[in-house]
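There are 2 protein chains.
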Amino acid sequence: MARGSLLVVGTVAYDSVRTPAGRRESALGGSGAYFSVAGSYFTGVSLVGVVGEDFAPSDMDILRSRGVELSGLETKPGRTFRWSGVYGAEDVKTRDTLDTQLNVFEDFAPSLSDAHRASGYLFLANMEPSLQLDALTQMSPRPRLVSLDSMNFWIDGSGDALRRIVENVDVVFMDEGEARSFTGQVNLSAAAKAVMGTGPSSVVVKRGEHGALLFHGDGVFSAPAFPTERVVDPTGAGDCFAGGFMGYLAATGDLSEAGFRRAAVVGSVMGSFAVESFSLDRVGSLERGEIEGRFRALTEMAAFAPLGEGESLPWRGRQDWREE
Amino acid sequence: MARGSLLVVGTVAYDSVRTPAGRRESALGGSGAYFSVAGSYFTGVSLVGVVGEDFAPSDMDILRSRGVELSGLETKPGRTFRWSGVYGAEDVKTRDTLDTQLNVFEDFAPSLSDAHRASGYLFLANMEPSLQLDALTQMSPRPRLVSLDSMNFWIDGSGDALRRIVENVDVVFMDEGEARSFTGQVNLSAAAKAVMGTGPSSVVVKRGEHGALLFHGDGVFSAPAFPTERVVDPTGAGDCFAGGFMGYLAATGDLSEAGFRRAAVVGSVMGSFAVESFSLDRVGSLERGEIEGRFRALTEMAAFAPLGEGESLPWRGRQDWREE
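So the sequences go chain by chain: A and B.
Residue numbers for the first sequence follow this note's numbering, beginning at 1 and rising by one.
Residue numbers for the second sequence follow this note's numbering, beginning at 1 and rising by one.
Looking at chain A on its own, in the form it has when it is part of the complex (with noise of 0.2 Å):
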């Protein structure tokens, strides 16, 4: 496996989903499908998890067809891992969880290969934390680049083990609720700013339709949203904006300050297709043309022109008044 490879242990699961644009029954989804898909359009991914005997074939080739190596997802006897969920009545802001069964998942123990082991770049998505540092300890050499999303659940009730392991990875995803209650900061830089005194060296705040905030050293950059017309289904988006992030890295090895920042710019194009629709039908079937067009049209939404170095804001000091 070379070291530019990018393996991600995950989730592999049937969703059922409604949203205010409508329904979709027992369709592909998982942390760990759909943050393979999103990277797989910049390098080879690799994925770690398990399904049941009920996972179809067609669900197979969904992945195969995006090129993701799968020898590391197991089937064994019983069901996959199963979710439903319904997002709110007037938008997508907020998500009900109806059912969540284990299945397949509930014995899972990551078991990586040697090839796996080796990997350069390592994706963590959101799982019982201490699945998470058994994947992580059986790496070698470590990593050039560990990442890791989590979520309430894990937050409320495994804390400590999620301190753990969120100290030994680089960067760490949240959304601004679960950055807020694993470090009790209500301020969101400062709670970045408290991730990052545990150990990781950038913070990708989540932020849905705002875009994201990566905390990277002393730098803030605020990636911006691509404003999308029809937003279908959430379901992924954060795991797509992941898989483009560390996809981008991956490809590049590029993990100065400004490869950070072109990662958190592709996450935020991959996230974007993501909410057009259920399951993986859109993020799975895209054009070299429509990523780079999406990323052409952030750098157009986010572009400003600067202040000059001799250049001032027009300015009207306290007194000016008296003299009109």
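Careful, some of the hints might be misleading.
[Said to hold, decoys possible] Simulated crosslink set (EDC-like; lysine to aspartate or glutamate; CA at most 16 Å straight-line):
1) Lys93/A - Glu176/A
2) Lys93/A - Glu276/A
3) Lys193/B - Asp175/B
4) Lys76/A - Asp54/A
5) Lys193/A - Asp170/A
6) Lys193/B - Glu229/A
7) Lys93/B - Glu176/B
8) Lys193/A - Glu176/A
9) Lys93/A - Glu176/B
10) Lys93/B - Glu176/A
11) Lys193/A - Asp218/A
12) Lys193/A - Glu229/B
[Said to hold, decoys possible] If you want the ones that stay clear, here's a sample from chain A, every Cβ over 12 Å from chain B, calculated:
13) Arg24
14) Asp59
15) Gly72
16) Trp154
17) Glu167
18) Asn168
[Said to hold, decoys possible] Have a look at the derived ranges for each label pair, beta carbon to beta carbon:
19) Glu311/A - Glu311/B: 26 to 34 Å
20) Thr198/B - Asp96/A: 33 to 41 Å
21) Gly219/A - Glu257/B: 25 to 33 Å
22) Gly177/B - Asp254/A: 37 to 45 Å
23) Gly159/B - Gln185/A: 35 to 43 Å
Calculated from the structure, these hints are not laboratory results.
Positions of the beta carbon are idealized from the N, C-alpha and C atoms, including for glycine.
Chain A is fixed; fit chain B onto it per the hints.
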């Protein structure tokens, strides 16, 4: 009155506010006060509104010290407009109005002097749409740029009157919920385009701590928000955004796309100062270096390396997996 001068018609109020950071009783506020102070750093601002006999000379001095031209701020028998509200316990995203007393504002009818009528730039702050229309009708000649703010109360209760005035302005400031309910479009881009379809050339969607989206012609600009470390009181932030935005445009006269984009960044800067204190404490006492420093910080926050003309993102197509 010079054509570059900026006129605002709006409220001057005493606000009593409780936020997670504390509380403040009967402090200077109101859309006209916040707007004029924020705009005053860039250009001459005239404020048309009304206060009661209880309005403190020291509060008049706050406006005067910023050079706000106050010949149109009448003092009438009775009490000044009063508003009280409380922001959400966990963060400041939710707000409940506890009490609104129109007092002297109840009989307010804007009466513009000849000098005010000739102002080149006009901001119609959030108030009853019929008052906004009344003020606009008095302008002669038509200003170079007219902008308007509103809120859900008027959208729900006076939608037709609001539509009549919106048709006649150039720039509309709204938040996301307001844009949606005013147009009936859930999608934000669609909502902005629906507003622009009735007349305005620009829509500024304020997103609080997430910055703002400027829809201008065919373009969209995503203005980042400054991630301030301490949010004390969000009251007036939108009016300070508008004040910075309009102040910059009036001072420079640059109504190009580039000018509008910079104006949105200046607006974002002024909004970020507004939230750092109760009332006008912070936004009323800024130094030149603070404003420019934050403009430069936002420039740095939004910067990433665009793709050069011949440059491509890394790309891995559908067939690659077969070749490995």
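Comparing the hints with the structure gives:
1. Between Lys93/A and Glu176/A the CA atoms are separated by roughly 13 Å; this keeps the pair inside 16 Å, and the hint holds.
2. At roughly 15 Å between alpha-carbon atoms, Lys93/A and Glu276/A fall within 16 Å of each other, so this suggested pair holds.
3. Taking the CA atoms of Lys193/B and Asp175/B, the gap is near 14 Å; set against the 16 Å cutoff, the hint holds.
4. Taking the CA atoms of Lys76/A and Asp54/A, the gap is about 10 Å. The hint holds against a cut of 16 Å.
5. Under the criterion of a C-alpha separation no larger than 16 Å, the hint pairing Lys193/A with Asp170/A is consistent with the structure, at around 13 Å.
6. A C-alpha spacing of about 11 Å is found between Lys193/B and Glu229/A, which places the hinted pair at or below 16 Å, so the restraint holds.
7. Pair hint Lys93/B plus Glu176/B holds up; C-alpha atoms about 13 Å apart against a cutoff of 16 Å.
8. With a CA separation close to 13 Å, the supplied pair Lys193/A and Glu176/A stays within the 16 Å bound.
9. The suggested pairing of Lys93/A with Glu176/B holds, with an alpha-carbon distance near 13 Å, which does not exceed 16 Å.
10. Of the pairs offered as hints, the one joining Lys93/B and Glu176/A holds, with about 13 Å between alpha carbons and a cut-off of 16 Å not exceeded.
11. Restraint check for Lys193/A and Asp218/A: satisfied, since their Cα atoms lie roughly 9 Å apart, inside the 16 Å limit.
12. Pair hint Lys193/A plus Glu229/B holds up; C-alpha atoms about 11 Å apart against a cutoff of 16 Å.
13. Residue-level check passed: Arg24/A sits 19 Å from the nearest beta carbon of chain B, beyond 12 Å.
14. Separation of Asp59/A from chain B is adequate, the least Cβ-Cβ distance of about 16 Å exceeding the 12 Å criterion.
15. Every CB of chain B lies more than 12 Å from the CB of Gly72/A, the least distance being 14 Å, so the non-interface label holds.
16. At roughly 20 Å, the least C-beta separation between Trp154/A and chain B is larger than 12 Å, which holds for a residue marked as non-interface.
17. Remark: the non-interface label on Glu167/A is consistent with the geometry, its nearest Cβ contact in chain B lying 24 Å away (cut-off 12 Å).
18. With a cut of 12 Å on Cβ distances, Asn168/A stays outside the contact zone with chain B, its closest approach being about 26 Å.
19. The hint said 26 to 34 Å for the Cβ distance between Glu311/A and Glu311/B, and at roughly 29 Å that hint holds.
20. The hinted window of 33 to 41 Å between Thr198/B and Asp96/A holds, with their beta carbons roughly 37 Å apart.
21. For the pair Gly219/A and Glu257/B, the beta carbons lie near 28 Å from each other, so the given range of 25 to 33 Å is met.
22. Checked against the hint of 37 to 45 Å, the pair Gly177/B and Asp254/A passes, with Cβ atoms roughly 40 Å apart.
23. Distance hint for Gly159/B and Gln185/A: a CB-CB separation of about 41 Å, consistent with the stated range 35 to 43 Å.
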